[in-house]
Amino acid sequence: MTQKDTLAKNEEDDFAAPEWLIQKLQLAGDYQAFKSDDQPTLSEQYRARVREIKETLDKLRAEREKIGFWPVPIGAYVQDMAREANLSLRSTLIWLGISDIHRPDPQSARGFARLGIELGFSLSETLAQIRVAIARSFGGFPIIPFSARFREGASGQNDLQACMSNLRVVEATYDQPILHDLRLIEAEVRAVYQQESQ
Amino acid sequence: MLDLDPAISPANSPTAISSGEPENQMEILALRLAQGDDGVFWTLFEIFGPRLAGLFKRKGVADTDAENLALDCLLTVRRQIGKYQRQEGGSFMGWVFTIAYRKWIDWRRRNLTTLPLDDDLLNRSKSDGTRPLEPFIEPEVDHESPDERSQAVHDALKQLSKDYQEVIRLRYIEACLDNAEIAARLGITVNNAKIRLHRAHKRLSPILENDNRIKLRK
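Chain order of the listed sequences is V and H.
Going letter by letter, the first sequence gives residues 1 to 198 in my numbering.
Going letter by letter, the second sequence gives residues 1 to 218 in my numbering.
Some hints could be false.
[As the list claims (entries may be wrong)] Just a few of them, taken from the derived set where beta-carbon distance is under 8 angstroms, the chain V residues facing chain H:
id	residue
1	Trp-20
2	Gln-23
3	Lys-24
4	Asp-30
5	Gln-32
6	Thr-41
7	Tyr-46
8	Leu-93
9	Trp-95
Derived by calculation from the structure, the hints in this document are not laboratory data.
Every residue, glycine too, gets a C-beta built ideally from N, C-alpha and C.
Just chain V, with the same shape it has in the complex (with noise of 0.2 angstroms):
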């Protein structure tokens, strides 16, 4: 070892890297690395699965628009539309990381508020049409015919007014351990919402 290369104690002590210059060292490379040219190649099978997927939101927030909100579950509401539309969930599910759009939980929460904003639903209504799925699995929650949505002509926000209102009504008799997991995914649905308006 030269002496150049040895670090007096004294040295050592007296400076510690901040973790303000390590960040934004590494922030630099990792930008430099992200503006190079030098880039790994994409599988047709991602390509393939990423064509899909785009085309499955596409596609289901032209029929998202054309329907509005209506207070069923959020599952139905989806798994109906996909098949007006002759799509498969599949991939899209998969890459949301739901595993059963029939059961919203804490675990799949978040998939579910980026099916939302995907979809074009507000925050509001995601949280109803989820709250809907849970009362929906205690049969707490009347089923109204998708088919009944274009009959009644009723404004999409009387129809989110009322569900919410119902809702209360059914969540009174919730027992805690419900109560306590639909506090977890509402909180987990606001905050992918609150990533999205910054």
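Starting from the known structure of chain V, arrange chain H on it as the hints suggest.
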């Protein structure tokens, strides 16, 4: 509709942005996306898909998760393109990078495991082929534009000796090597690599702290 360089068309699927003035081409793509030209999505996918997946893998995300996050970013770019405004010292590339970094921070936060407070563990060399565990402190990705930050670091590095530049580049810029790897690359001892890095940090710190392009948390 704006005329676009034929080199940036979905048919040519460019990963490299090498023709004409790349920054202007990117800004035109951003503008077209903002105007609702959804066909641009696939051009952006070809340009940014590999970059995003590559960034996430560099940050320790497994392959499938990296690809999923890359798609999440691209859809976010499409949704939020209306928020993009080119600012002095900034770029569309930098804006996408910032979105990606936020996604990674969020992923990292959700996948964070509790680390034992054990210095040996934190400093352990990767004899088992894994990286030493590092505590996660969320980077301040929004404080300045990636372009300005990069330029400031680049300018600061030029003020260091060649030896110190070398260790910083190997640690942060061109690779993410640890002390043992830097030592092997440079043919010096691990202790010497550690000392050079320490001194390089020490010299860089005041230079960047006094650079008004670098914003620090108050």
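- Would the hint on Trp-95/V stand, with a C-beta cut-off of 8 angstroms toward chain H? Hint on Trp-95/V: holds, closest Cβ of chain H at ~6 angstroms, below 8 angstroms.
- Is the shortest C-beta separation between Gln-32/V and chain H less than 8 angstroms? With a closest approach of 6 angstroms, the Gln-32/V hint holds.
- Query: Against chain H, with CB atoms and a cut of 8 angstroms, does the hint on Asp-30/V hold up?
  - Reply: 6 angstroms, holds
- Query: Does Gln-23/V pass the interface check with chain H, least Cβ-Cβ distance below 8 angstroms?
  - Reply: Where the cut-off is 8 angstroms and the nearest Cβ of chain H is about 4 angstroms from Gln-23/V, the hint holds.
- Query: Is the shortest C-beta separation between Lys-24/V and chain H less than 8 angstroms?
  - Reply: 6 angstroms, holds
- With a cut-off of 8 angstroms, does the beta carbon of Tyr-46/V approach a beta carbon of chain H closely enough for the hint to hold? 5 angstroms, holds
- Task: Classify the hint on Leu-93/V as holds or violated, based on whether any CB of chain H lies nearer than 8 angstroms to its CB.
- Result: Constraint on Leu-93/V not satisfied, violated at 12 angstroms.
- Taking the least C-beta to C-beta distance, is Trp-20/V closer than 8 angstroms to chain H? Since the shortest Cβ distance to chain H is 6 angstroms, the answer is holds.
- Hinted contact Thr-41/V with chain H - closest CB pair below 8 angstroms: 7 angstroms, holds
In this structure, the one hint that does not hold is number 8.
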